[in-house]
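Kindly produce the complete structure, drawing on both the sequences and the hints.
Residue numbers (the numbering used here), protein chains in the order written: chain G, 1 to 260; chain P, 1 to 260; chain B, 1 to 350; chain Y, 1 to 350.
You may find that some hints are simply not true.
Derived contacts from chain G toward chain P, CB cut-off under 8 Å, selection only [as the list claims (entries may be wrong)]:
#, residue
1, F107
2, G108
3, L112
4, F202
5, T203
6, P228
7, P229
8, A232
With a cut-off of at most 25 Å between alpha-carbon atoms, the simulated DSS-like pairs for lysine-lysine come out as follows [as the list claims (entries may be wrong)]:
#, chain 1, residue 1, chain 2, residue 2
9, P, K177, B, K101
10, B, K167, P, K177
11, B, K71, P, K82
12, Y, K167, B, K167
13, B, K76, P, K82
14, P, K43, B, K20
15, G, K82, G, K177
16, G, K177, Y, K101
17, Y, K101, Y, K71
18, Y, K76, G, K82
19, Y, K167, G, K82
20, G, K177, Y, K76
21, Y, K71, G, K177
Don't read these hints as lab results, they were simulated from the structure. For every residue, glycine included, the Cβ atom is placed at its ideal position computed from N, Cα and C.
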Amino acid sequence: MTRLFAWLALLAGCIYFALPLIGMTEFSLKMRRGVYSLDAYRKVFEDPSFWATFGYSLTLAAATIVVGVLLVVPTAYWVRLKLPQARPYIEFVTLLPLVIPAIVVVFGYIRLYNTSSILPLTGSAIGTDFLLTMGYTTLALPYMYRSVDTGLRTIDVATLTEAAQSLGAGWVTILAKIILPNVMVAVLSGAFLTLAIVMGEFTMAALLNRPAFGPYMQLLGANRAYEPPALAVIAFAITWGCMGLIQLVTRLAKHERAKA
Amino acid sequence: MTRLFAWLALLAGCIYFALPLIGMTEFSLKMRRGVYSLDAYRKVFEDPSFWATFGYSLTLAAATIVVGVLLVVPTAYWVRLKLPQARPYIEFVTLLPLVIPAIVVVFGYIRLYNTSSILPLTGSAIGTDFLLTMGYTTLALPYMYRSVDTGLRTIDVATLTEAAQSLGAGWVTILAKIILPNVMVAVLSGAFLTLAIVMGEFTMAALLNRPAFGPYMQLLGANRAYEPPALAVIAFAITWGCMGLIQLVTRLAKHERAKA
Amino acid sequence: MSFLNISHLEKSFGSLRVVKDFNLDVEQGEFISLLGPSGCGKTTVLRMVAGFETPTTGRILIDGQDVTGFKPNARKIGMMFQAYALFPNLTVADNVAFGLKVNGVPRAEREARVTEMLKLIGLPELGQRFPFQLSGGQQQRVALARALAPSPRVLLLDEPLSALDAKVRVSLRNEIREIQRDLGITTIFVTHDQEEAMSISDRIVVMNAGIADQVGSPFQIYNRPTTRFVANFVGTLNSFEVTVVNSTTLEMDGQMVTMAEPVTAEPGSRITMAMRPEALRLGRADGFETVLPAVVEEVHFLGSVIRVSARMAGTAIALDTFNRPDMPPPSPGQTIEIGLSGKHAFLLDR
Amino acid sequence: MSFLNISHLEKSFGSLRVVKDFNLDVEQGEFISLLGPSGCGKTTVLRMVAGFETPTTGRILIDGQDVTGFKPNARKIGMMFQAYALFPNLTVADNVAFGLKVNGVPRAEREARVTEMLKLIGLPELGQRFPFQLSGGQQQRVALARALAPSPRVLLLDEPLSALDAKVRVSLRNEIREIQRDLGITTIFVTHDQEEAMSISDRIVVMNAGIADQVGSPFQIYNRPTTRFVANFVGTLNSFEVTVVNSTTLEMDGQMVTMAEPVTAEPGSRITMAMRPEALRLGRADGFETVLPAVVEEVHFLGSVIRVSARMAGTAIALDTFNRPDMPPPSPGQTIEIGLSGKHAFLLDR
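Spelled out as C-alpha cells, the structure:
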C-alpha cells in the first residue's frame, strides 16, 4: 500500500513537470489556425534580436564560468584541507546569494558604481557587462561551490595531498595533477548549471539594462502569443541538450577507465 | 605562499559580498541630507503595502513548505530505501526547476489554466494563489529535496528500517518515530531556504499578477531612491534572523541530547 | 522436531543462485554460526529467516509454525546488525523500549523490562544517554538489549562484531555468548571470522558458494573437516604429498608415518595428508615418532604462540609453538628437527 | 650514530601535550613498530617524521641531516597510509611513477623502475588498471610500490593494514616485512594491534599517553615488560597476589613458587606475580613444580589454541593449550589441575 503511494507520488511529480511543458509545446505549434505548424519557431529564428541576445548571454555565461571556477576550486580545496572548522561558515557565505534577492545585489551595485561614484562602472557598456558577470557569479556561486565541494567529498583530500607531498610534489603539481582531474566532472556540472542560470536570468540584466536573453524572452512574452512558448521550448531543448552532454562526458570518462 | 593566496581569495570573497551590503546600508541611512537617519526605514514601515505584500508572501511561503515536505520526505525516503538505482533520475527531476526558467513554468500555467481552459484557475484569486504555490513548490524543490536527501544520508536508512521492522514496527511507525525525527533539522533548513526563495521571488508573482513582496520591492525600486535599499536591508535582516534561528534550533537539539 | 527448521531453502537474484538447497535444524537454546567467505550466502540465509528476503523456494519453521510468508514485523525475532542500527533520535532506554512499545506493553512493565535489560548488558546507568555518546562496543551491547527486550523466539546476529576493535571484539563475543547461555535463546550468528565462530558456537555451518559444506561442533569442523574447502578455510593447514605403503602406513620423504585410522587408498598411490600447525613439534618428544629435518624461513612472534614458517620435505610448512620466556625462538636460516605423529594427521580428498 | 635519530621530540596541540620527550635511535634497515592504544601519540610521532606536523621542540635527523625544518616534499621519505591514498585519476603504473615524475626522472628509467616495482609487489600485469578496479589488499600493495619507487631513505607506514580483512591483513604484513628485508629499508610502522607489531618488528616502541614506555624486541616486550601498562597492553596476563617467603620463594594460596630471579621485596610483604596464559599447564608435567586445583568456567576453541578460563586460588585465570585431535578440551564446571613454574613468572611493580 505504501509502495503504491510512493509510486503515485513519483508519478504525480513527473506529471507536475511534464504537463506545463506538453501544454506549452502543443500551444506553440498552433500558430497557423487549425493545423500544427512550426511557424512560431521559424519566426523566432528569423528574429535577429533572438540571435543577438542569445549570443550575448552565452558570452557572459562563459565569462561567469571562468571566474567561478577560478574562485571556487582553490577555495573549496583549501577549506577542506586546512580550515575544516571554517566549512560551515564558507557554506553559509556561498548560500547567501540564495537569500539575498538579486534585486538587492543589483541595487547595491548601482548605488556603488553609478556614474557619479569613484568607479563609474555603469557608465560604460563594458563596465556594466563586468558588473553583470560579477552578479551572475554571485548567483551561480551556491551551485558551483556545492558541486565542487561534493566532488571533493568523493576523494580523501587530506590523504591524497599528503601522499603527493611525501612523493615530493609541490602545491601547483598537487592542484593541477591530482585535485582538478578528480573534480572535473563536478566542475563541468557546476558550469552547466551556471550556464542554465545565466541564460534564464531576468532581473539583473533588466535592471542593468543589458540586451540579455532573459529580458528578450519577457519582452516577447508580453507582446506576442505564440512565439514565447516556442522560445521556452527552444530554451528547454538547449538546456536538456547540455545536460545530456554532461551525462555523456561522465559516462565516457567512466568507460575510458573501465576499458583501460 | 599558497596559503597567503587562499586567505586573500577568502578575503576577496567576503568583500565581494560585504561591500554591496555596506554600501547599500550606508546609502539607506542618508535620506535626510547630511546626517545619518532611519527615515527611510520609518517610511517603509509606514507603508501599508509593505505589510500587505509581506504577509501575503509569508502565507504563501508557509503553504509552499507544507506541500514541499509532504511531497519530498516520503519520496526521498522511499527512493533511498527501495529504489536506490532510481536516485540519479529523481535527482535529475528535482534539478529541473533550476534549468527551466521560472518564466517557462508560468507561461505553461497561464496557457494551461487560463479562463477559457477546462480548469480556469487563473480566473479566481484563490486559484491563482494555488497556481503560485505550486510554482513556488517547483522552485523550492531542488533545495528541499537536496536538504532532506542529505539529512537521510547521515543515517543508515536501510538498517534503521530493518531494525524497526524486526522489533515489530509497521511503516507508519517507522516514518513517524524514526525517519522524520532524524531528518527534522534537514527539513527545517529546507523550509528556511524555501521561505527565503518565496520572499524574494519576482518573476512568477509579477506574471501571475499577485500582490507579493518581490514585485513590491521592484516597484519601490523603480520609483523611490532611499526606501529600496532600506527594504533590502530589512529583507536581509529577516533572512539572517531566520538563519540564526535555524542554527539555534540545531544547537539546542544537540545540546538537549548532550545534556540528557 | 527441532525448534527452528529450515528445509530446502533456495534464493536466486536474477540468474544468480546465492543459496542452494539449504537445510538446517536448530535445537532450542542452541548457538549456531554460519561461517564462510563473503558472498557465500550466509547473510542471505539469515535475512530470509528474518523476513527481509523472500525465499525462491523452501520453508522456514519456528517452533512448528511456518513463517515463510510472514512479514518481518510479524515473526517475533530479534536481530542485531553490523553497526549504526540504534535509533539516533532515541535514548538508550527508549531504544531498548521500542519493541515493547510497538507491541503495546504497558508503561510500568516496559520500564521494569528496560531496567532489567540494561542490567543484563552491564550498562545500568546509561539509559538516558544517546547512542552517539556511547563507544562502539557499548552501542552493540545496547543493540543486543534492544533485540532481546521483546523476548524474541530466535536471536539473529549479522556480524555484530565486525566494526569493533580487536580487544573489544573478543570481550564482547564472550559476553554475548554468556548472555545467550543464561537466557537459553536460540541464536544464529553470521560471521566470516573463523576464530570468532569456533570460539562461541555450539555448532558451525561452514558455507561455500551457497551450499552448506559441513555442519558440526567447532572441534569436529577443525579436526575432522569433510571437504578441502572447510579444511583450508578453518584454520591453517599443512598438506604433504605422501605415498601409501599399506593400510596403516604412509611414506613421507623416506620416513614412515603410522596413521590412527585405516587408509583406504591403494598401496603405491599418492595422496594428500594434512596436519594443523600445532600438530608439528619443535624437536623430538615422546609420542611424535616421525622426525624430519627442516630449515626455518620466518619466525612470527604472535604473543602466546610463536609461528615458525619452515621448509620440510620440500614443502613450506607452518608450525605453532608456545612462547617460553627461558627459551628464545629459533632464527631464520637455522636447521631444526620437527616431530610429528600420524595420530594428529588426516587425509584430504581430491 | 644511528641512521634515524629522534631526540627530545615534543608536540602540543593547544594545552594538550600529545608527545612527551620522545627519543629513538633507528639503525639502517631496522623495522621499528610504534605500538599503543589510540590517542597515545604514535601517529603524531610518525607525522612529525614525515613533516606533516611541526614538532613543538626536539630534533629529527635522517642519515646525519637535520630535517626538522624541512617541508614534507623535501625529506625523501616514503609513506603508506591507512587507505584510499592512491590517486584515483591515475592508473596503477602512473601512481607508482608519480614520485619519479615529480623528481624529474627521465621516461625510460621511470618505466623500467615502475615495471620493477610492480614485479616486486607481485602485480606485474595490473599497471594499466585504475585503483577502483583493485581489491583493498592490491591497492595497499600498489601504495607500497609507489612509496618505494623513488628509493626513499625511510619508509613510514601509518596503520596500512587496518582497513583490510583478517586473512589479507596477515598475508600482507608478512609480504611487507619480506620486501622491507630484501630492500634493507629503514622502516617505522604504526599500529594499535599488538599481534601485528610483535609478528613483524625488529624492535617495538610501546607508547602510552605520549611517552615511550618501553623499547625492545618483541621477545623482550612480551616476556620482560618493564611497566604494568606494557604487561597488560601486550598479550593477556594472569596476575596473582602472593606473599614473599624469602629471596627466591613466594607463597601462593598455600603452595610454594620458586622464582628464577631473586625477589627484592621484604619477606612477608604482598606482591603481584604475573604469568602469561601459555605458562600455565593443563595437568602435571616435568618442570612445572607447583600444582593447584582450578574450576573451568569457559572454554574457547580458537583453532590451534584452546583458551580455558578458570578460577584458581580465588583468581580468574586464562590458560592456553594446543588443540589435540585425540583429546577434546575440558568442559565448563570440571575441576582440573594446573601446573606452573616460577621460571615463567615475572613480578609487577605497583
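Structure-based check of all given hints:
no.	hint	verdict
1	F107	6 Å, holds
2	G108	3 Å, holds
3	L112	4 Å, holds
4	F202	6 Å, holds
5	T203	6 Å, holds
6	P228	6 Å, holds
7	P229	6 Å, holds
8	A232	4 Å, holds
9	P:K177 to B:K101	11 Å, holds
10	B:K167 to P:K177	35 Å, violated
11	B:K71 to P:K82	16 Å, holds
12	Y:K167 to B:K167	17 Å, holds
13	B:K76 to P:K82	23 Å, holds
14	P:K43 to B:K20	80 Å, violated
15	G:K82 to G:K177	19 Å, holds
16	G:K177 to Y:K101	11 Å, holds
17	Y:K101 to Y:K71	19 Å, holds
18	Y:K76 to G:K82	23 Å, holds
19	Y:K167 to G:K82	36 Å, violated
20	G:K177 to Y:K76	20 Å, holds
21	Y:K71 to G:K177	20 Å, holds
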